[in-house]
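Residues 0 to 279 (numbering that gives the first Met the number 0) make up the sequence shown, in order.
Any given hint could be a false lead.
What the hints assert, rightly or not - In silico SDA-like pairs for lysine to any residue, Cα to Cα no more than 20 angstroms straight-line:
(1) K255 - D245
(2) K255 - T134
(3) K255 - L38
(4) K255 - F268
As the list claims (entries may be wrong) - Cβ-Cβ distance ranges computed for the label pairs, FRET-style:
(5) G54 - P246: 37 to 47 angstroms
(6) H247 - E159: 13 to 23 angstroms
(7) R155 - A227: 25 to 35 angstroms
(8) A58 - A221: 16 to 26 angstroms
(9) P147 - R104: 12 to 22 angstroms
(10) G54 - A217: 28 to 38 angstroms
(11) G182 - T57: 23 to 33 angstroms
No wet-lab data here; the hints were simulated from the structure. Only a predicted model underlies this, so the values are computations on that prediction, with no experimental measurement involved. Cβ atoms here follow ideal geometry from the backbone N, Cα and C, with glycine treated the same way.
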Amino acid sequence: MATSPAKPDQPNEDLTGAVPNAVVLLDGAGLSGTVSTCLHGVAWYTRRLGGALLGHLTADDGQDLTAILGQAIAQVADAHRDTCDISDPSSPSATVTIFRTDDDRAEYLVLADSVLVLDHAGDVPEVVTDGRVDTVGSRYRAAMDAAPNGTVEHDRALREYIEALRAHRNQPGGFWVAADDPGVAAEALTGSRPVSELSGAVLLSDGASRIVDQFALADWPAVLALIAAEGPAEIIRRVRAAEASDPHGRRWPRAKAYDDATLAWCTRFPAGHAPTGRDD
Numbered sequence: 000m001a002t003s004p005a006k007p008d009q010p011n012e013d014l015t016g017a018v019p020n021a022v023v024l025l026d027g028a029g030l031s032g033t034v035s036t037c038l039h040g041v042a043w044y045t046r047r048l049g050g051a052l053l054g055h056l057t058a059d060d061g062q063d064l065t066a067i068l069g070q071a072i073a074q075v076a077d078a079h080r081d082t083c084d085i086s087d088p089s090s091p092s093a094t095v096t097i098f099r100t101d102d103d104r105a106e107y108l109v110l111a112d113s114v115l116v117l118d119h120a121g122d123v124p125e126v127v128t129d130g131r132v133d134t135v136g137s138r139y140r141a142a143m144d145a146a147p148n149g150t151v152e153h154d155r156a157l158r159e160y161i162e163a164l165r166a167h168r169n170q171p172g173g174f175w176v177a178a179d180d181p182g183v184a185a186e187a188l189t190g191s192r193p194v195s196e197l198s199g200a201v202l203l204s205d206g207a208s209r210i211v212d213q214f215a216l217a218d219w220p221a222v223l224a225l226i227a228a229e230g231p232a233e234i235i236r237r238v239r240a241a242e243a244s245d246p247h248g249r250r251w252p253r254a255k256a257y258d259d260a261t262l263a264w265c266t267r268f269p270a271g272h273a274p275t276g277r278d279d
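Whole structure, please, built from the sequences with the hints as guidance.
Spelled out as structure tokens, the structure:
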């Protein structure tokens, strides 16, 4: 695993963690300078939700990933519904990606725009991401992309972009993220593959997946090869170098000049049997 906050003096709103046969990655959503109805903040939300997910995954009681996500969302909602207006679209939310091995199957769940890359040894990687937020966002980002990062114009356009997106959050025809409603778990992308078909899997927040989907500095096979050779932190190093080379977003227009970046790399699956953390 590797993670890096967008700026050293700001909290990292990404989170990744693992239990013996599963890993989770969350990317919190919120924006400094816009009104929020939650007292706790985005980093608090991702840490609470990530901890709840890992707790349910540790139980290893056979529940499917959708049920686990729904229970975790409900658990965190209960933790702050008495102090915060958690139903307001300005309250904290997060993307959720889960990868779990169970006997001879690998399962995944992807909610919102983080990225899961399944490494099919000797074949084209399979990329799973939920593009609905980008589809909605494309309607509102022209003014933001036209203004250089760090300017008053960009800051204003970014706030307007976020406010426009909030009207579509967890709404039919919009996009779906973990927030207060356990029912959104049913909107996640899910699937499974035989463990024997996979040599690895990589979970990335969109701050890390920039290396491919925004900066086009590598394709996914090259990213997998780089992680195998030099580790996940090398991806973040290259992303940071690209961000620093274009601080005003003129080459690569983007909402944030720098973004939290996180990766988790799963590999060395035993042939014919998934890792369980047990000695039997």
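Going through the hints against the structure:
no.	hint	result
1	K255 - D245	holds (11 angstroms)
2	K255 - T134	holds (18 angstroms)
3	K255 - L38	violated (23 angstroms)
4	K255 - F268	violated (36 angstroms)
5	G54 - P246: 37 to 47 angstroms	holds (40 angstroms)
6	H247 - E159: 13 to 23 angstroms	holds (19 angstroms)
7	R155 - A227: 25 to 35 angstroms	violated (43 angstroms)
8	A58 - A221: 16 to 26 angstroms	violated (38 angstroms)
9	P147 - R104: 12 to 22 angstroms	violated (48 angstroms)
10	G54 - A217: 28 to 38 angstroms	holds (35 angstroms)
11	G182 - T57: 23 to 33 angstroms	holds (24 angstroms)
Violated hints, in rising order: 3, 4, 7, 8 and 9; the structure is consistent with all others.
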